[in-house]
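Participant: Fit chain R to the supplied structure of chain Y, relying on the hints for placement.
Protein chains: 2
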Amino acid sequence: MSIATLPINPPSRLLMGPGPINADPRVLRAMSAQLVGQYDPAMTGYMAETQELYREVFQTGNEATLLVDGTSRAGIEAAFVSLIEPGDKVLVPIFGRFGHLLREIAERCGAEVHLLEREWGTVYPPSEIEAALASVRPKLLAVVHGDTSTTVAQPLDELGALAHKYGALLYSDTTASLGGNTFLADAWGLDAVTTGLQKCLAGPSGSSPITLSDAAVEIIQARKSVEAGIRVEGDAVRSDPIRSNYFDLAQILDYWGPKRLNHHTEATTMLFGARECARILVEETVEAAIERHRLHGTAMVAGLVGMGLELFGDQSNRMNNIVAVRIPDGVDDAKARAAMVADYGIEIGTSFGPMAGRFWRIGTMGYNARRDTVLLTLAALEQLMRRGGVPVTAGSGVDGALESYGG
Amino acid sequence: MSIATLPINPPSRLLMGPGPINADPRVLRAMSAQLVGQYDPAMTGYMAETQELYREVFQTGNEATLLVDGTSRAGIEAAFVSLIEPGDKVLVPIFGRFGHLLREIAERCGAEVHLLEREWGTVYPPSEIEAALASVRPKLLAVVHGDTSTTVAQPLDELGALAHKYGALLYSDTTASLGGNTFLADAWGLDAVTTGLQKCLAGPSGSSPITLSDAAVEIIQARKSVEAGIRVEGDAVRSDPIRSNYFDLAQILDYWGPKRLNHHTEATTMLFGARECARILVEETVEAAIERHRLHGTAMVAGLVGMGLELFGDQSNRMNNIVAVRIPDGVDDAKARAAMVADYGIEIGTSFGPMAGRFWRIGTMGYNARRDTVLLTLAALEQLMRRGGVPVTAGSGVDGALESYGG
Chain Y
17 MSIATLPINP PSRLLMGPGP INADPRVLRA MSAQLVGQYD PAMTGYMAET QELYREVFQT
77 GNEATLLVDG TSRAGIEAAF VSLIEPGDKV LVPIFGRFGH LLREIAERCG AEVHLLEREW
137 GTVYPPSEIE AALASVRPKL LAVVHGDTST TVAQPLDELG ALAHKYGALL YSDTTASLGG
197 NTFLADAWGL DAVTTGLQKC LAGPSGSSPI TLSDAAVEII QARKSVEAGI RVEGDAVRSD
257 PIRSNYFDLA QILDYWGPKR LNHHTEATTM LFGARECARI LVEETVEAAI ERHRLHGTAM
317 VAGLVGMGLE LFGDQSNRMN NIVAVRIPDG VDDAKARAAM VADYGIEIGT SFGPMAGRFW
377 RIGTMGYNAR RDTVLLTLAA LEQLMRRGGV PVTAGSGVDG ALESYGG
Chain R
17 MSIATLPINP PSRLLMGPGP INADPRVLRA MSAQLVGQYD PAMTGYMAET QELYREVFQT
77 GNEATLLVDG TSRAGIEAAF VSLIEPGDKV LVPIFGRFGH LLREIAERCG AEVHLLEREW
137 GTVYPPSEIE AALASVRPKL LAVVHGDTST TVAQPLDELG ALAHKYGALL YSDTTASLGG
197 NTFLADAWGL DAVTTGLQKC LAGPSGSSPI TLSDAAVEII QARKSVEAGI RVEGDAVRSD
257 PIRSNYFDLA QILDYWGPKR LNHHTEATTM LFGARECARI LVEETVEAAI ERHRLHGTAM
317 VAGLVGMGLE LFGDQSNRMN NIVAVRIPDG VDDAKARAAM VADYGIEIGT SFGPMAGRFW
377 RIGTMGYNAR RDTVLLTLAA LEQLMRRGGV PVTAGSGVDG ALESYGG
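Here the protein sequences line up with chains Y and R, keeping their order.
In the numbering used here, each number is its position in the first sequence, counted from 1, plus 16.
In the numbering used here, each number is its position in the second sequence, counted from 1, plus 16.
Just chain Y, with the same shape it has in the complex (with noise of 0.2 angstroms):
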């Protein structure tokens, strides 16, 4: 049998949609290193390495930190599947498209699920949080912070202690949001926070990081069952394991740690990219990431504003990497994206549910929140609608960023 394959060689790209978004060369690069083994003592230094870095990315002093070796929705389900037990009541405030996720996943682990539900673009005052969690009393509060589907990012900094005051803890997903917006897990009192690399992080899908509270890592520590197969006399087996193997985070918190249980194989080349993700962050440090992506991403909006173009959502909660603009009348959402593609190598983003086919999500996240790339995207977008017959003034697009720049 005869497959004809070339080497993988993709079209060049500029990635200015909701993620995943062009990965930092210096992540590709780490990743091209060659493997050594797992229990190399240059193996678990990186790993000890990592944890420290993303310490410093979530905010936070909890030990508990490490990847998930998977894509982000792959640590929500090892938060979700470690934490929740078959009956216990979670409480999810939707406002995205993710937030049905965090339902969907919390449902699959057999837990009684409560939702709230508002309009997209819009977030949550604490207080309707609140009395949730006064009438519900969940064992969970699951959040996510910034809903790239929405572009809006629900204020966290209130939850923990809401949630703690009723007995809960608190979840959030940050795969959207974490390094180019505030986050702060440990003075917001988060109890378990879960991201991916591919949008502010400047990585490529396929790693997740995650943190836990001492609290969320004592009720996991309470349901650890040692798998069959390395059990030895004295450890812990349970009638009533964690209904996952892949992601019991009470074993996988003792493969990272001193006990090196041999769980998983490692996904090396993963972690070396994951790794260098937190370095740039941390070399930069994270509040200049953040303010960066305040400047980039404030910019692309004065340009899609200068050319004319309505913002969707709650402005005063908008994530910094990401804007959604309504796609003017007379144009074909899908032919206009294939054309920046074709003509200009540009990626954007479409939209889901209530926002299908009506707005456009443009990113300036990680690796891509520059000034050159939201100058070209905006130069590149006002030939696109002016093909397309939309009255667009000539320059409007980068004039309005250049003003926001301040120059």
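To be clear, the hints were calculated from the coordinates, so they are not data collected in a lab.
Heads up, some of the hints might be wrong.
[Stated by the list, open to error] Cut-off 27 angstroms, straight-line C-alpha distance, at most; resulting in silico cross-link-like pairs (DSSO-like, lysine-lysine):
(1) Y:Lys240 - Y:Lys155
(2) Y:Lys155 - Y:Lys181
(3) Y:Lys105 - R:Lys240
(4) R:Lys105 - Y:Lys240
(5) Y:Lys275 - R:Lys351
(6) Y:Lys351 - R:Lys275
(7) R:Lys351 - R:Lys275
(8) Y:Lys105 - Y:Lys240
(9) Y:Lys275 - Y:Lys240
(10) R:Lys155 - R:Lys240
(11) R:Lys240 - R:Lys105
(12) Y:Lys105 - Y:Lys181
[To be verified] Using C-beta positions, here's what the derived DEER-type ranges look like:
(13) Y:Gln237 - R:Gly411: 51 to 59 angstroms
(14) R:Gln237 - Y:Lys275: 50 to 58 angstroms
(15) R:Thr409 - Y:Asp251: 42 to 50 angstroms
(16) R:Asp230 - Y:Glu299: 34 to 42 angstroms
(17) Y:Glu299 - R:Glu299: 34 to 42 angstroms
(18) Y:Glu249 - R:Glu68: 44 to 52 angstroms
(19) Y:Asn25 - R:Ser28: 24 to 32 angstroms
[Said to hold, decoys possible] To be clear about the criterion: a stretch of chain Y counts as covered by chain R if any three or more of its residues have a C-beta under 8 angstroms from a C-beta of chain R, and this derived list gives those stretches:
(20) 19-27
(21) 43-57
(22) 253-262
(23) 277-283
(24) 409-421
Being a predicted model, the structure only gives us computed values, none of them experimental.
The beta carbon of each residue, even a glycine, is placed where N, CA and C say it ideally should be.
Facilitator: Same frame as chain Y, but now just chain R:
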């Protein structure tokens, strides 16, 4: 906060243990390619090619051939959680550490697991498995192909027909064996097969290729429940969905299929790596790659025997790519392996369970199934034993291997 870390720069290691082994540099180069959007035709084209390449690697015509985004055990769990409903009977013939893992994962999926157990280093005559199939009548017969812990592989050629005779599906975990030993998914009647990249496929851990027969797909599709957030009118919804969202193969099949369902964001860089692993194998031809593993594996064994080391397990069913030898009396396992790394940069493996501390496992697989790696490892091992006071004839290891090579 300042965290001083250096760029990734792992020490040079020749990984001659049970895996992970050194990645083929071609795989690492493929993984350094820049990203493209997840629905870019270039990306979906790479996905389709990856599927076609793995059909050849698994020797199957199964349409349902794809990657699960995680390490080898992610593939196992995806197969089990998607196929097994709570209460289903699963039969696991155990003959090493990874049979215990299959049992563990099946139990966590809610299966009623029935076990056979055998002394490590032996395999089952088909009649023993048939007797158990007849009495248990399981939904799934789950067997490790090659169990790295014992170095032997269970012959599977008769098991598909036997499983089907008793109404069961046949699953096999081929993480340790695929690409280095004959494996014929279709000819042997396999219904579900999973693997990993880090052994004979010469890549890093972190992606799990999987293939499913039409019968397996039918069971999985009947369980489909499209997740909240992307569900549209007419989509399947079930009150008892597959217990995992991340490993829900019904949805993952729709992500890899023409529907391009928005499930996870494919781990692009791992996919680039997995594709290159298969390209290398298909270029060489699967048959030639297996013969290469046989050639160099046999030479390694001849060298070890030449040095007077005692082999472990049923040699007629040993995998081509790994051998276990008894650690000579008076030699400290951990100290000797540490010296191999410190003085020669070569890593060999220890053992688990009943073999722990008594046997070394030495692999010749993937990129490291070569003449130079075999001879170097034997030369270094001779020096190590000599200095450890073990009587060994000078040159006996290398001579044994050279004789096996035919001069």
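Participant: Quick one, are Lys240 of chain Y and Lys155 of chain Y close enough, alpha carbons at most 27 angstroms?
Facilitator: 18 angstroms, holds
Participant: Between Lys351 of chain Y and Lys275 of chain R, does the CA-CA distance stay at or below 27 angstroms?
Facilitator: 19 angstroms, holds
Participant: Between Lys351 of chain R and Lys275 of chain R, does the CA-CA distance stay at or below 27 angstroms?
Facilitator: Cα-Cα ~55 angstroms, so violated.
Participant: Do the alpha carbons of Lys105 of chain Y and Lys240 of chain Y lie within 27 angstroms of each other, as the hint requires?
Facilitator: 21 angstroms, holds
Participant: Given a hinted range of 24 to 32 angstroms, is it respected by the beta-carbon distance of Asn25 of chain Y and Ser28 of chain R?
Facilitator: 28 angstroms, holds
Participant: Do Glu249 of chain Y and Glu68 of chain R keep their Cβ atoms within the hinted range of 44 to 52 angstroms?
Facilitator: 49 angstroms, holds
Participant: Is the distance from the Cβ of Gln237 of chain Y to the Cβ of Gly411 of chain R consistent with 51 to 59 angstroms?
Facilitator: Because 54 angstroms falls inside the window, the suggested range holds.
Participant: Does the hinted range 34 to 42 angstroms hold for Asp230 of chain R and Glu299 of chain Y at CB?
Facilitator: Violated, at about 52 angstroms.
Participant: Is the hinted pair Lys240 of chain R and Lys105 of chain R satisfied, with a Cα-Cα distance of at most 27 angstroms?
Facilitator: Cα-Cα ~21 angstroms, so holds.
Participant: Go check the segment 253-262 of chain Y versus chain R for me, would you? Three or more residues, Cβ under 8 angstroms, otherwise it fails.
Facilitator: It holds, with 6 qualifying residues against the three required.
Participant: With the threshold set at 27 angstroms, check whether the alpha-carbon distance from Lys155 of chain R to Lys240 of chain R stays at or below it.
Facilitator: With a Cα-Cα distance of about 18 angstroms, the restraint between Lys155 of chain R and Lys240 of chain R holds, given a limit of 27 angstroms.
Participant: State, for the Cβ atoms of Thr409 of chain R and Asp251 of chain Y, whether the hinted interval 42 to 50 angstroms holds or is violated.
Facilitator: The hint (42 to 50 angstroms, Cβ to Cβ) holds, given that Thr409 of chain R and Asp251 of chain Y are roughly 44 angstroms apart.
When each numbered hint is compared with the structure, violations occur for hints 7, 14, 16 and 24.
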